[in-house]
Amino acid sequence: MKTDMIKPLLRGLSTGRADSSLDHGSSAGRARARGRAALVLLLALPAGALAQEPGDVRIGITYTPGYLPGLVVTPVESTEGLGEVARVAEAILGQDLEFSDRFEMIEVPGDFRPGSAVNYGLWNQLGAVWLASSQVSGSASAPVLRVSLHDVVFGELKEVKAFSLPAAGSSGFRMAVHRVSDEVVRWATAETGMAATRIVYRRKSDDGASDIWIMDSDGENARRLTNDNSIVYSPDLSPDGSHLLYVSYVNGGPVAYEKNLASGAVQTVSAEEGLNVTPVYSPDGRHILYARTEGDHTELFELQRQPLCCGRRVTYTSVGETLNGGYSPDGRQLVMTSSPLGLPQIYVIPREGRGEPRILSRYVYGERGYATSPDWSPRGDRIAYQAWIENSFQIVTVGPDGSDRRVLTSRGSNEDPSWAPDGRHLVFSSTGRGGSGLLILDTVTGRVRNLTSGRVDQLASWSTSL
Amino acid sequence: MRFKVGFASLIAVSAIGLSACSGKAPPPPPPVVSETVATPNADSLAAAELARYEAAAAQLCADARTAIANGDYDRARMLLEQAIRDYPGTECADGAMVLADAVGAIMVVRDPIHFEFDRARITDDAAAILQAKAEILRNFPNVAITIEGHADERGSLEYNQALGQRRAESAKTYLVNLGLSASMFRTVSYGEERPVAQGANESAWAENRRDEFVLPNADAMLK
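Going line by line, the protein sequences match chains A and B. For the first sequence, the numbering used here assigns the number 868 to the initial residue and increments by one for each residue that follows. For the second sequence, the numbering used here assigns the number 2 to the initial residue and increments by one for each residue that follows.
Treat the hints as calculated values from the structure; they're not laboratory data. Predicted, not measured: the structure shown is a model, and the values here were computed from it. The C-beta atom is built at its ideal place from N, Cα and C for all residues, glycine as well. Treat the hints with care, as some may be off.
[What the hints assert, rightly or not] Examples of chain B residues toward chain A, derived with CB under 10 Å:
| id | residue |
| --- | --- |
| 1 | Q166 |
| 2 | A169 |
| 3 | K173 |
| 4 | T174 |
| 5 | N218 |
| 6 | M222 |
Only chain A is shown next, with the shape it has when bound in the complex:
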């Protein structure tokens, strides 16, 4: 383990990049062509010197140019008759590893020929720190993908594993390859990737009606989950991915429902008079937190699941609205939008008992204090939300103790952030600047990619690793 910690220091000499600034036009393909960058001046600076100024960054958001190790994914080899399976798997693997935003993708030279032994010296010269090679064997109905991760710098095989995949072209094939990608990320970084995930969101059609949709984190397999053609919003997937919580007006007013995605069965979660909104699952999947009308305003309530029962009032705001409840990863604290002071702000409270709420968003001169839609990172260290900044919404993150507030976006209007299970990628809806749709932002590198575009897609919620 100790050598692993030293290696990045050595690798720090190899590449560097200074990507910056949220821009709708940035896209997937560009990283591929990046070759080896020159030596970076960063090494001369103390570690914290380029860290973002907390709190007040609003114009031209820049991200610290960080070190990303070079990764090359060599063409997937195959046994007889499995060429197509290999081609599909290679495309998924390569894109997943690029979308992980943890590597500088090194292009494979055109004259590359797969050989028996990895030429570490050559790849090292090309800037690769890691090399992933793989072979498909077995049959089209039961392919086996064998992946090896080589440490190019040290010239050794780091990990190798054979993964049994479902039949090529079957519904589970892509997700199975995504899991392989996440495993490769884990081998290289000791942290799990986020390829094997899905995102639920609300899509509004031209006539103003809406429904809940789902897609894989790479944008594939988009499909509709509800068919209400009504006002539908607030989707949340259960931790095991089997159930969906949402709000629909299909029966006249905002009622919270849960849908079993396998059977299609829908049950009512809460249909009290007034609002029944923003339902979410607890991290262990055993509770549902949601907001409903209490008297003349909105408060948070918690229900037990399976069977649904035992509603418990969680907040006692009395004045103002409280909604958008969410859990900390350990389930002990809640984050929420509440407006006891007039305009909505982000608060954290203990899940049990009536502890003093702690305000996380803060008043900044020249900003109207309007902050909503918090989401607690699955890693626990950050809370993302949207704040009204200079006449539009922008994505902000803050520590759970209210420290180290960072504004991550600066262009267009950006709303409803949701964390990937890796705790570094955010999905959110973005409008303005000639486009709209869902964007994915890597909060570490600042890389952005379009997930959907040209559609009114909102309220995205990222699943756990599936």
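Add chain B to chain A, keeping to what the hints say.
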């Protein structure tokens, strides 16, 4: 200027009923020309003219009924006023007075109220409108009203749902405090989902920050 209701007359006459115009279709015109008469005489010409006059008036009342059924109260009131003005003495015109008052009352009850940005407080303008509604609704304790709260497009989608709900609750509370029964009212929030004005400017936003008052069974106020 808002339409003023002939409120007293509405109460006074509502018990009498609206027999003149309450039929679903206008009565068929009587036959005016005998087949056996070669040249029309003066009496039959006058009778035909009268029948045409009554039929035209009856058509106006029928159209007004249709407009009411479609919820187009502006058009209904215009048609009824036309009947009163242009066809005095007809059955339709006689009943139209009462019906126009009832339609006017419905319009007052349906009149939307508006709110300040991110607020659910009842403004002075809104208070006057709510008081006018309460005056009418006291006489219709069995009428059901849905108060729909709406928000402008600014703000988060989900928070705007809560804001819309609070706006609906504000109006309901105000009306109940004026002595109306809470059981008359149902509240629902549409947040920013159903704007009446398009556009990202203050006048559109101001129009969209509103409560609408929906009468699922407006007929109850026509009887």
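Determine which of the earlier numbered hints do not hold for this structure and return their numbers in increasing order. Structure breaks hints 5 and 6.
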